[in-house]
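Peer 1: Chain by chain, the residues:
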Amino acid sequence: MPSFWAGAARVFDVSLGEMLWSRRTVFMALVTGGPVLVAFVVRVAFALDLPAFRVNDLVVSGPTIFGLMVWVFFLRFTVPVLGVFYGTALMADEVEDRTITYLFTRPIRRGAVLMGKYLAYLACTGFVVLPSVMLIYFLVVPSRGGSLAAGFPSLLIDLALLALGLAVYGAVFAFVGAWFRRPLLMGLVFIFGWEPAVVAVPGYLKQFSIAHYLQGLVPHAIPQDGVVSLLAAVFREVPSTASSLFWLAVIWAVAVLLAVRAVERREYVLDQ
Amino acid sequence: MTAPLVAEHLSKWYGQVIGLNDVSVTVPPGVTGLLGPNGAGKSTLLKLMTGQLKPSQGRVLVLGEPIWGNPALYLRLGFCPEQDAFYDRMTGLEWLTALVGMHGLERDAAEASARRALGAVDLLEVADKKIGAYSKGMRQRVKLAQALAHDPDLLILDEPLAGMDPIARRRTIRWIRDWGRQGKSVIVSSHILHEIEAMTSNICLMHNGRILAEGDVHHIRDLIDEHPHKVRVRAEQPRALARELLAEADVLSLTFESGGIVVETAEPDAFYGRLTALAASGTHGAIDEIDSPDDNLQAVFAYLVK
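Protein chains in written order, with this note's numbering: chain G, 14 to 285; chain S, 4 to 309.
Since the hints were made in silico from the structure, they are not lab data. Heads up, the beta-carbon is just placed ideally off N, CA and C, and yes, glycines get one too. Some clues are possibly wrong.
Cβ-to-Cβ under 8 angstroms is the rule here; a few derived chain G residues that face chain S [to be verified]:
1) P15
2) G20
3) G30
4) D106
5) D110
6) R111
7) R122
8) S222
9) L270
10) R274
11) V282
Here are the computed distance ranges between Cβ atoms for each label pair [unchecked claim]:
12) S:Q60 - G:E109: 23 to 31 angstroms
13) S:Q60 - G:F205: 42 to 50 angstroms
14) S:R110 - G:D110: 19 to 27 angstroms
Sequences and hints are given; from them, build the entire structure.
Peer 2: Right, dumping it as structure tokens:
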């Protein structure tokens with residue numbers, strides 16, 4: 014019998030193609046394509062030297078705009094949304110399509126099926142999100158005095174941060190999808206209701222969000238000059254980098270373990 | 004020889020609904036037919052036997068071991084589900100190779116097994132075609148292929164003939180008989196007695212979540228024949244086919260429906276034989292699908308449980 018990870022690898026092979034060519038890919042292309050379009054508009058606006066990019070006679074630089082886009086478009090929107098839509102559907106899609114039977118009657122643990130599909134989700138979303146961020150980087154950063162080479166380390170950190178966000182949100186919503194009924198609704202309430210609310214208000218509740226810990230890793234990406242520093246001020250009380258990494262790792266590990274456990278114990282009754 | 008499958012006081016309920024009620028059955032080696040109308044509990048029993056569901060009460064032993072939470076058993080068990088569900092974008096070969104690969108085989112060995120299985124169900128020629136482009140009969144056969152590709156000791160087939168044309172049906176029945184002769188244990192479910200009878204004389208009769216009878220098929224055979232038997236035929240030229248069939252004495256009534264006809268016959272064996280011959284000759288165009296509405300068996304079961 015294949016080991017847990019060998020089984021997960023086989024499920025990954027099957028699931029990646031299915032995921033890439035699913036209806037959700039169109040949705041994902043729209044979600045990630047929007048910021049690229051905005052970046053293109055910004056590039057044109059820079060070229061035309063429009064006043065919209067001057068605040069109190071201070072020129073907003075390309076890297077500043079890029080940092081803002083990574084935070085607003087990706088970390089606060091695209092990554093959680095993809096986590097919800099893909100994570101909650103990891104098993105649900107197979108159940109809805111009634112193909113789960115073929116995976117659950119193989120000599121691999123059910124948890125390996127979930128893990129394989131989770132890894133396919135990471136690869137699938139990573140293949141789309143990370144290149145689009147790079148495209149935005151190349152469109153926006155070189156303008157207004159920005160240097161591609163100087164900003165490159167920061168880009169790598171941004172990409173790692175996005176991958177981490179996809180991993181943690183995906184794991185949490187994989188657990189929600191495996192454990193609860195109506196997981197999509199719960200996920201949407203979490204990312205559009207709970208997280209924005211608790212992150213914006215002072216207090217300890219923000220510790221029960223993923224966004225709070227991602228913030229702890231992002232200050233380098235949040236611009237420090239001009240109008241954007243006002244936005245940064247909203248996100249005070251951010252944890253340290255080490256603390257953020259630690260808690261994100263804990264959330265990820267607990268969510269993955271609980272999701273695996275839920276799938277191994279749960280019966281999936283298919284509609285005939 | 005150990006019984007490949009034993010169920011002891013097996014019950015399954017979904018909330019307030021009882022799917023299976025205190026079923027105890029020992030399935031002997033060879034081919035066994037699981038017969039019952041839709042809703043009898045056949046699929047629930049098969050899902051329990053294949054470890055997809057957990058018993059609410061009782062236990063099920065497959066090849067001597069409990070199946071729930073025991074994935075290693077799937078090395079020796081092949082399952083062909085009822086539902087017509089696939090990864091339509093994959094080719095038959097890709098799909099089978101991927102599934103066989105989950106049994107721990109390297110890619111080349113998995114592909115060789117997949118090719119062998121596709122050959123066994125006459126699908127090698129379309130192995131590189133996408134499953135989405137397969138006909139209903141081909142889809143049924145590729146499902147059979149995925150069940151037997153890893154050469155299991157026990158095959159469990161849920162309504163494997165549903166939606167097949169008469170010729171594919173005859174071939175599949177022959178394969179199932181052959182697999183039984185090769186020493187595999189095969190459990191086949193159907194709601195059509197004549198299908199089961201063509202494969203084996205050993206049956207389990209199910210109704211309302213219970214096993215009504217087990218053993219030789221012949222003692223319920225006479226009961227079946229007392230009741231008119233309805234057959235739905237989807238054909239290229241339903242009118243020409245209807246003219247031909249109405250000339251036969253055993254055809255009691257015939258009604259047209261979209262793309263086909265529903266025939267009521269007093270002698271199902273003779274009728275199925277004629278239909279297969281007609282399909283093979285192609286005299287009245289292609290016969291795409293035959294199916295038996297559920298009320299034939301329902302009438303017999305109603306009689307049995309009186």
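Peer 1: Give a verdict on every hint.
Peer 2: Okay, the hints, checked on the actual structure:
For the restraint placing P15 of chain G at the interface with chain S, the shortest Cβ-Cβ distance is roughly 4 angstroms, inside the 8 angstroms limit, so the hint holds. For G20 of chain G, the interface hint holds, since its Cβ comes within 8 angstroms of a Cβ in chain S; the closest pair sits about 6 angstroms apart. Hint status for G30 of chain G: holds, given a least beta-carbon distance of 7 angstroms to chain S, under 8 angstroms. For D106 of chain G, the shortest C-beta to C-beta distance to chain S is roughly 11 angstroms, which exceeds 8 angstroms, and the interface hint is violated.
With 8 angstroms as the threshold, the beta carbon of D110 of chain G comes within range of chain S, its nearest partner Cβ sitting at about 6 angstroms, so the hint holds. Here the hint on R111 of chain G is kept, as its CB sits about 4 angstroms from the closest CB of chain S, short of 8 angstroms. At its closest, the beta carbon of R122 of chain G sits 6 angstroms from a beta carbon of chain S; the interface hint therefore holds under the 8 angstroms criterion. A cut of 8 angstroms between beta carbons decides the hint on S222 of chain G: the least distance to chain S is about 35 angstroms, and the hint is violated.
The beta carbon of L270 of chain G is not positioned within 8 angstroms of any beta carbon in chain S (closest approach about 17 angstroms), and the interface hint is therefore violated. Because the smallest distance between the Cβ of R274 of chain G and any Cβ of chain S comes to about 12 angstroms, over 8 angstroms, the interface hint for this residue is violated. Interface hint at V282 of chain G: satisfied, since its Cβ lies 7 angstroms from the closest Cβ of chain S, which is below the 8 angstroms cut-off. The hinted range of 23 to 31 angstroms is satisfied by Q60 of chain S and E109 of chain G, whose Cβ atoms lie roughly 29 angstroms apart.
Hint check: Q60 of chain S to F205 of chain G, Cβ distance near 44 angstroms, so the stated range 42 to 50 angstroms holds. A C-beta distance of roughly 25 angstroms is found between R110 of chain S and D110 of chain G, which places it inside the suggested range of 19 to 27 angstroms.
Hint violations for this structure: numbers 4, 8, 9, 10, all remaining hints satisfied.
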